[in-house]
Amino acid sequence: MNRVLNQRLMRDLRANFGRYLALLFMIFLGIYLVVSVVGAAELVISGTENWKEKNNVEDGQFATFLPLSEKEEEKLKADGTDIEKMFSIDLRAADNTELRAFAIREKIDLVMIDEGALPSADKDVVLEKGYAREHDLSVGDTITIEGSAFAVVGIGSVPDYDQVLKTFSSPAVDAEAFGLMFVTQNEYENLTSEHASKVETYTYAFRLGTGTADDLKDKIENLTSFVTYEDNIRIEAAAGDVIMDKKVGLVAGVVVLILFAYVISVFVVHQIEREQPVIGALYALGVKKRNLLLHYVILPTLTSMFAGILGMLLAFSPLGIGMMAKTHYAYFSIPQFPTVYPPYLIIYAVVLPPLICALVNLWTVNRKLSRTALSLLRNEQAAGSYKQVNLKCKRFTTVFSIRQLLRERRSAITIVLGMLITFMVIVLGINTYVLCTAVRDQNTEDTKYEYMYLYKFPDEVAPEGGEATFVKTLSIDCLGYTLDTSVIGISGESKYFDAKPEKGKSRCVVNRSLVQRYGYKIGDKIILSDGAEDMDYCFTITDISEYTVGFKIFMDKESMWELFGEKEGYFNVVYSDHALPIDEAKLYSVTTKEDIKRSSSVFLDMMIPLTFILLSAGAVIFMVVMYLMLAVMIDRSAMGISLIKIFGYRAGEIRKLYLNGNTIVVIFGGLLAFPLAKLIIDMIYPSFIANVACSMNLSYPWYLYLLVGGCVLLIYFFISSLLVGKIKRISPAEVLKNRE
Amino acid sequence: MYLTIKNVKKSYGENGSYIQVLKGVSTEVEKGQMCVIQGTSGSGKSTLLNCIGGLDTMDAGSVQVEGKEIFGLKPGELSDYRRDNLGFVFQFYNLVPNLTVKENIQICQHIAEDPLDMEELLDTLGLTEHQNKFPAQLSGGQQQRCAIARALIKNPKLLLCDEPTGALDSSTSRDILVLLEKINAKYNTTMLIVTHNNTIKNMVHKVILLKDGLIKKDYENEVRTPAAELEDL
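Chains as they are written, first to last, in the numbering used here: chain A, 93 to 832; chain B, -1 to 231.
Since the hints were made in silico from the structure, they are not lab data. Any given hint might turn out to be false.
Which chain A residues face chain B? A few, computed with CB under 7 angstroms, are given here [said to hold, decoys possible]:
| hint | residue |
| --- | --- |
| 1 | K484 |
| 2 | F488 |
| 3 | V491 |
| 4 | R495 |
| 5 | L497 |
| 6 | G732 |
| 7 | L735 |
| 8 | F739 |
| 9 | G740 |
| 10 | R742 |
| 11 | P824 |
| 12 | A825 |
No residue lacks a Cβ here, since even glycine has one placed at the ideal position from N, Cα and C.
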């Protein structure tokens, strides 16, 4: 029986070609985007995993105030632990950018060369790939560093800096201003002696033997920092960053597929309603329900499967995963990883679209086919759903529009659901834009100082013209990430921070970024950790500062000295509104307001393409779903439209009766769906930026709401105008051929 | 003369499947007359009605209603012609299923310049107690009465009925015909009734018999049988 019935599948496809093409395109687009995003994430995750193994990534690293003696090193290696010096010195290139110089590693965190070779002679240098790209440097070029010319012999990356952050508390990667360089051991020693006034950092990487990290830590003297592999935000940052892409991509794909499956089911139900008498006749002739069920579901299911396969094929091409991975390569310093083909993703793309489509359609179609042969033959209209609603309104056009909406409630609900999903995608895009813009603008606005001097060897007396503060870096754990939080000691009025902390070792003022991200209130407790000392600190929040740059808490300076065991008058950071004559040898680093501004803009530059993709995808989904649903509403009303044409209704009046009611759906749908979408996305948004210590201002200016509303109405009226043509094409004679 | 039809021709299809349905039909109907167009299936009676109603285009000929020619009118002008002059009643009622009886009638009331009184019409057609019901809750006869009320609310000058009793049993058919007769008398509405039923011709003023696209007979009844007395419906 089905073989006979299925002979008309191609005819159905031809008759509704535009509709099926639109659905094919939507599912294709959905699967293409999901597989591209998730596939790129898998590429980074599995690539990082292999890279880690191949290049001997560290189990952790520690820094000491002075280099370890050979004896001390031997003591640490006693349990089989491998230790390698990762000493570094920050140098200036001719364009005033900063390069952190390392000697070539031999055992741990080996350099992965993308292009060229490792340095073999003095004045040979391997540059970190992000810096090289930003400065348009390639193998064979020359770079001037601290007045000396170096030949670029290689471009590469290292696993302990896949996120090239200058410090653990740097808000973002800024490859334009900071990078890494690798030279021979001999050249490194030349550099440290030539630039003895610069601070050398004594960092050691380790790979554990039989002991634990805690055992190792206990054995180290003059320790200044101790960071395990898991807590190091520079390591595996790319893989950590894409985990959320993977989860969100997979879930969003299912949601969008359900929406499209429901859109398809509206068409199938419409087709069944048109063919009721035929179905009744087939039932009367002995055809089973399951035969018809299969018949009506097979075309949409095959369309979905075909669309899924096409989407997957394009996603696995350089135009999909390859393109999507570019955004990761642009921010993180990782080698070029090969594309992977996870079986679950292939199953997701090939099986899920037809499966969801079949299930949703079987569920909706089953009810339509569950009527008796006689009822179908008589083409009986279900009055039950109408008679529930008794309208008191006297105005005919209003009554008609409401009745029409009630009749087309399935399509109307699909439109509202489509709007919700569309708005979620759009809100995600706008949130990203708003957040990045706010970070850039607020960071610039809130940074009142021009220079921040971070001391390695603090003076006894603060330099004149500077505000000396005691800053301690602790960390906060949230959503699986450990993020640096600076504790800043203030006494009296600060010129640069608007915080007034109370006296007390357990009292603090938190900044607005922490409040926005974690919802702290005055009176709450905040727990911060010191990884090096293995200590947790609990503070009671007494006030909130509007300062938004990174995560900061403010304490009374005297209470802070007491808490962290520093002598009175101790400071390690000086803020100033002008340059101060401080000996460079005493400093770790100097950060200018310009540095803050530039690094704050990195997010916005990086996220604009993503914002554009999200807004475009949202608009396309909105237009297609809206068009298909409004078109099916008109198809379902063809008899009615034909009838009132016979009575002499004019085009404008028909439009008023059959299309204007949808304006109410769109307006109310928008008023309901947009705030709901905003609420949902705002709730889950912190997880998208869980690895970034920044403020999270997601509030929209009022005009943005008007802009979104205006765009929605514009798209709706554009689609309505397209549909007027469809109404015009319905002939008055239509009603004479069939009966409703 | 209220309605003048001259040499109307209409064909469908092309090349091999070409068929001429009306081969030159001419007739006239006076104001207030009830007229039956009768013929077997395929004789062209419904096509003629559709041409008069402006639902279908003619290949050639002329249809004039109160002297106004409708041949060659544009779709918008045809729409205005139907709006200002015509009422339609169909064999299968064609009620809008999700509107109540009253709301279905309001469809035409809404576009009428001088509509009849709704309550009076509901009463005349015996629909007052059913006015808030939906079509699916009505019998066939009640649905057809609703369709007639919908056509009449505009107070049309010409009522076109295509097999108005075709889907009804004998008793209900008689009721509907009695109703049409009553309306004709009350509102002086000119009516064209297409039917294949041989009995209905006895109640009307004028009979047009079509065969193979041509008028075979065209005459006026000297004696009319009241609808209530019609047999073998």
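Structure-based check of all given hints:
1. K484: violated (11 angstroms)
2. F488: With a closest approach of 5 angstroms, the F488 of chain A hint holds.
3. V491: Holds: closest Cβ of chain B sits about 6 angstroms from V491 of chain A, inside 7 angstroms.
4. R495: Interface hint status for R495 of chain A: holds (5 angstroms vs cutoff 7 angstroms).
5. L497: Cβ of L497 of chain A sits 10 angstroms from chain B, so the hint is violated.
6. G732: holds (5 angstroms)
7. L735: holds (6 angstroms)
8. F739: holds (5 angstroms)
9. G740: This interface hint holds because 2 angstroms falls under the 7 angstroms limit.
10. R742: Cβ of R742 of chain A sits 6 angstroms from chain B, so the hint holds.
11. P824: holds (5 angstroms)
12. A825: With a closest approach of 5 angstroms, the A825 of chain A hint holds.
Figure legend: structure checked against the earlier numbered hints; hints not met, in rising order: 1, 5.
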